[in-house]
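Chains as they are written, first to last, in our numbering: chain A, 1 to 93; chain B, 94 to 440; chain C, 441 to 716; chain D, 717 to 1147.
Everything labelled a hint here was simulated from the structure, so no lab data went into it.
The structure displayed is predicted, hence computed values, not measured ones.
Built from N, CA and C at the ideal position, the CB exists for glycine as well.
Just so you know, not all the hints are guaranteed correct.
[What the hints assert, rightly or not] List time: in silico BS3-like cross-link candidates among lysine-lysine, alpha-carbon distance up to 25 Å: (1) Lys967(D) x Lys78(A); (2) Lys37(A) x Lys967(D); (3) Lys768(D) x Lys855(D); (4) Lys1050(D) x Lys855(D); (5) Lys288(B) x Lys177(B); (6) Lys660(C) x Lys423(B); (7) Lys907(D) x Lys855(D); (8) Lys608(C) x Lys263(B); (9) Lys965(D) x Lys49(A).
[Stated by the list, open to error] From the derived model, a few chain C residues whose C-beta atoms are all more than 10 Å from chain B: (10) Lys495; (11) Pro503; (12) Gln570; (13) Pro583; (14) Thr629; (15) Pro636; (16) Ile647; (17) Thr650; (18) Ile659; (19) Gln693.
[As the list claims (entries may be wrong)] Which residues of chain A face chain D? A partial, calculated answer using Cβ under 10 Å: (20) Val12; (21) Pro35; (22) Ile41; (23) Asp53.
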Amino acid sequence: MAKTLEEKQYLVRFNCDTKSHLEVRDHDVCATKCPDKDCTIFCPADVYKWEGDRMFVGFEGCHECGSCRIGCPFDNIKWEYPKGGHGIVFRLA
Amino acid sequence: MNLEEYRGVWVFIEQREGKLVDVGLELLGAGRALADKLEVDLCGVLLGSNVKDLAKDTFEYGADKVYVIDDPILEQYRTETYMKAVGDLVRKYKPEIFLYGATANGKDLASAVATEVMTGLTADTTLLDVNLEKRLFEASRPAFGGNIMATILCKKHRPQMATVRPKVMKKLDPQPGRVGEVIEESISLKEENLKTKVIEIVRSAKAAVNLEEAEIIVSAGKGIKDEKGFKMVEQLADVLNATVGASRDVVEMGLCGHDHQVGQTGATVTPKLYIAIGISGAVQHVVGMQNSEMIIAINNDPDATIFNVAHFGVVADAFEIVPLLTEEFKKALKNEVEAEEGGVAHV
Amino acid sequence: MNILVCIKQVPDTKIIKINPKTNTLDRSSAPAILNPYDAHGVQEAVRLRKIHGGKVTVLCMGPPMAREAIKKCVEIGADEGYLISDRRFAGADTLATSYALYKAIQKLMKQDGIDLVLCGKHAIDGDTGQTGPGIARRIGIPPLTNVIKVEEVDLDSQQMKVRRKIEKGYEIIQSKLPCLLTVEKEINTVAYSPLPNMLRAARYEPIVWTVDDLEDVDIKQLGLKGSPTIVGKMWPPAKSEGAKMIDGDVKKQASELVKHMLEKRELFEVKGGEQA
Amino acid sequence: MSEKFDVIVVGAGPAGTSCAYTAAKNGLKVLLIERGEFPGAKNVMGGILYRKQMEDIIPEFWKEAPLERPVVEQRFWFLDKESMVTTSYKGLEWGKEPFNNFTVLRAKFDKWFADKAVEQGALLINETVVTECIVEDGKVVGVRTDRPDGDVYADVVVLADGVNSLLAKKLGFHKEWKPNEVALTVMEVMKMPKGSINERFNVEENQGVSVEIFGDATKGALGTAFLYTNKDSINIGVGTTLSGMIKKKMKPHQLLEDLKTHPMIKPYIEGAESLEYLAHLIPEGGYDSIPKLVGDGVMVIGDAAQLVNAIHREGSNMAMASGKMAAETILKAKDLGEFSERNLDSYRTDLYDSFIGKDLKKYRDAAHTFEEHPQYFEQYVPLMNRAMNTMFTVDGTPKWDKQKKIMNSFTAGRGKLGVAKDLYRAWKAVK
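So that you can see chain A by itself, here it is in the shape it has in the complex (with noise of 0.2 Å):
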């Protein structure tokens, strides 16, 4: 029974992209404006992760679910889809 995310994760099938389909607009309003930095903590995929002083985007995980662009306070995330046929691949449900 996979119990963290990253056993969780490694049930997904992910077909990545070489390039990002997400982006920080603006690095300077996670680092000085957004305290809390929701996106740390309901992406469902971990995605986003803080380090110390930057925000580190793990696109290759993404779910493509849009919570991230919808909720980030800042509308600071600019969000599309990855290239036809990449990204997240679900097998079942």
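Dock chains B, C and D against chain A, hints included.
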């Protein structure tokens, strides 16, 4: 096909520009064990131009006989000439097992010969054995991207052929003065009837980054923080003669090019040794390297998932341990060389 | 210039799972894809067609669902695709595969003539790289393996020059046409297919041949019967069940690690010492 | 000049495929564009497929579609920390033709459904992202894809691009969704032997159960959890409004983990092996979030149009119905020879007149009510549990005293008036 007619273990002795290539000698080591088990001769096959003198070296590494075809037409490797030469030898002398190095030319040759003499060939083997009872060669290899090992058998055709990955088998310690039999054969092809011609061979020590074929990879994750950290990783790689790998974050930080990236969006690698420095072990990285033979992980976070796939782990500050590792390793190699030289002096 | 590309549909080995009970492939875990090296072969054929004109045909042996792999090739730009599909092909190793493909190629050569045959360097499920040279030997044309660049094609003199990847470098080799190339990934980047190709592929139906559509076939050389090699046992490679953690101060950790690294002593060249 | 179609449908989910199927069946030249590797590769739902609207498109589809189990029992579980109040309906008539609804695995089902549309003559291309609509003189005349030479034209473009609805947003049909207009749901498919499913859920081989779970599953946030039985796997998931997730600072996968290990849930899934983990948004804005649905040469259907009844967990059925309605409108417009907003507008009126418009209107205030008044989820579910506990614990207390105690517990927090208000408000929201 009368299987009983086929006897002996053969090894294709690859030479490049008149020098023996290591893998041939490694295969003599592996072939020796098979030949001893089967109580048959271990034979080398040596093709080229002005290569006859190389034969004696193969005796020191375990060969009993060497079939040599020394002809200017064989100076450079070409499938059409080598396939014909080897095919003729096989038809004439009928070996039961035939090993080739899994090099570019070794694989090319083995594939062509297999069709030429209509027999089975197993590619990229890493484990060789014989079933004495059935007198059957058991060649094993990783399959499906290294997810499984499979033993391949060739029951009704001879010779039983395999290509063997370089640096998997061990060379025997050379026995100076050990001798064997040289059997010279000739080839009946004429240059003007050939369809191919090698125009130029370019070898450069500093080839482009090729992670997928690297045997040792030292890989940096975002735990190495900055340029200084990356330098430190490069220094270790240099001492180990390793290829430098990186997680995507490190590439994104601009510390190296994308051709260094290991993982889902980079290369999938299966080196014999993978050293992960400051890599947390996110799935997108791990899927690219989890089938490495030995994985060493260095991370300051004891809960890093990289430790789940690693064989050896240390929880340590990369900035402390990596330079130390570089020094220790240098020392260890140096000691070994000195010990060896010392040994020679005593003989 | 008529170019034939031999392709294969393979399970995506990047994500494949092995059934731990039977030690066999869990096919449901991995979707079937066009062998990535073959995609580079098709791309190269399309590039050459652009320069020299002619036609790109793909040939595949496999089950009916391998049609999808052929359609993928049409997306990349192939003109036509043939699938040879028959139960009598099943269980083929590389020798039997090269025979079946050879028989189809013979027929295609009669139909349109073929100047060049392309294959991927190897298929990612078997990793053997043996089928290409096998086909070449059967047709009687030179195989040029591990090609990273087509240097020159001269249709007037029926010659081509390619760059082959070899250890620590490359060689340039010249060959008469027709010949067979097996291509490495470096040879090109597979382009993101243009929309008109996608539309064409969506409508395209490959031509399917069975054994009976081929001529002078020796049934004994096909499938399992024609395969000298068989798979004996299979087992999962030893995987780490979590790292053995090395404790102690950094100094001790470092020297312990060096010890473990030296278990792989054969990997490390002694600097300056050139091997005989 | 690129090829021109009668209809381009963007997105091969239930909405888009229904539209493409209906249009192609009636002789239109249809292009269906899917961004995933195959239809279904990007699609997620809890896993209930409603029979009625599917049957309207393909009669007796259950005879060949890849379905899991027909649902014969619908359960509701109201969870507290260590207890639950349950209620359910089980009816064997649901297990027989024509059935009520089914559990399905989307990647399989959507692929099958899209193949059906192809059989009807629709042209399907996968792995292609539509980046924008091509607008000429205020009229949508085609789409631009992310592929080279990627423009393709049509009389009508139908946007079935799912909850994120980027294309309708680009056309100005709606603003970016707000965090309270979408629910973030995560789920796992877990492998479980048929026998264990039948035993634990008390069903026969070809019978399924759907369980809707309230209360502690979402830690009081507005949302639900669910558990559905497939043939030899189960779907378990939980979701709350994105705003709720943000407010409560919850990690969705942790919420799912808590659900899986909840003492009331755990025995049901014990020993099951995780097969896949999925996350997705559900459009739950309801009636007031429905965007502009029709423009010159363009229509919006399915999740992209916020057509989900969050209270009854219905969405795929509305998607299919809207897709069918859109196709029927296009056929009428084709007869008229013009695809102006005016000629396509009957899709909008049909939709609002149908069960979709009516149901969404009925519950238009529900979500907001429950979100603004967290007591429903935070207080009443635990109270229900305690009430049951009080009533059924045999400890010598007279039942009259127990009832009184229960009543007091309900009014203790909010006062009699407060409870009355809550009841009235809830009734009004769902009436």
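Now for the hints, and whether the structure bears them out:
1. Note on Lys967(D) and Lys78(A): the hinted pairing holds, with a Cα-Cα distance of about 22 Å set against a maximum of 25 Å.
2. This hinted pair checks out: Lys37(A) and Lys967(D) have alpha carbons roughly 13 Å apart, not beyond 25 Å.
3. The suggested pairing of Lys768(D) with Lys855(D) is violated, with an alpha-carbon distance near 35 Å, which exceeds 25 Å.
4. Distance restraint check for Lys1050(D) and Lys855(D): the Cα-Cα separation of roughly 16 Å lies within the 25 Å cut-off, and the hinted pair is therefore satisfied.
5. For the hint linking Lys288(B) to Lys177(B), the alpha-carbon distance of about 13 Å falls within 25 Å, and the restraint holds.
6. Between Lys660(C) and Lys423(B) the CA atoms are separated by roughly 59 Å; this puts the pair beyond 25 Å, and the hint is violated.
7. At roughly 49 Å between alpha-carbon atoms, Lys907(D) and Lys855(D) are farther apart than 25 Å, so this suggested pair is violated.
8. Of the pairs offered as hints, the one joining Lys608(C) and Lys263(B) holds, with about 22 Å between alpha carbons and a cut-off of 25 Å not exceeded.
9. At roughly 15 Å between alpha-carbon atoms, Lys965(D) and Lys49(A) fall within 25 Å of each other, so this suggested pair holds.
10. Distance check for Lys495(C) against chain B: the nearest CB is about 23 Å away, which clears 10 Å, and the non-interface claim stands.
11. Pro503(C), annotated as away from the interface, keeps every beta carbon of chain B farther than 10 Å; the closest lies near 18 Å.
12. Interface exclusion of Gln570(C) from chain B breaks down, the closest Cβ pair being 4 Å apart, not more than 10 Å.
13. Its beta-carbon lying about 5 Å from the closest one in chain B, Pro583(C) breaks the requirement of being farther than 10 Å from that chain.
14. With a cut of 10 Å on Cβ distances, Thr629(C) stays outside the contact zone with chain B, its closest approach being about 13 Å.
15. Every Cβ of chain B is farther than 10 Å from the Cβ of Pro636(C); the closest lies at roughly 28 Å, confirming the non-interface assignment.
16. No Cβ of chain B comes within 10 Å of the Cβ of Ile647(C); the nearest lies about 26 Å off, and the non-interface call holds.
17. The Cβ of Thr650(C) sits about 24 Å from the closest Cβ of chain B, beyond the 10 Å cut-off, so the non-interface label holds.
18. The Cβ of Ile659(C) lies farther than 10 Å from every Cβ of chain B, with a closest approach of about 16 Å, so its non-interface assignment holds.
19. For Gln693(C), the shortest C-beta to C-beta distance to chain B comes to about 5 Å, within the 10 Å cut-off, and the non-interface label is violated.
20. Taking 10 Å as the C-beta cut-off, the interface hint given for Val12(A) holds, the closest approach to chain D being about 6 Å.
21. Annotation: Pro35(A) was flagged as interfacial toward chain D, and the flag is violated, the nearest CB pair being 13 Å apart, outside 10 Å.
22. A cut of 10 Å between beta carbons decides the hint on Ile41(A): the least distance to chain D is about 5 Å, and the hint holds.
23. The beta carbon of Asp53(A) is not positioned within 10 Å of any beta carbon in chain D (closest approach about 22 Å), and the interface hint is therefore violated.
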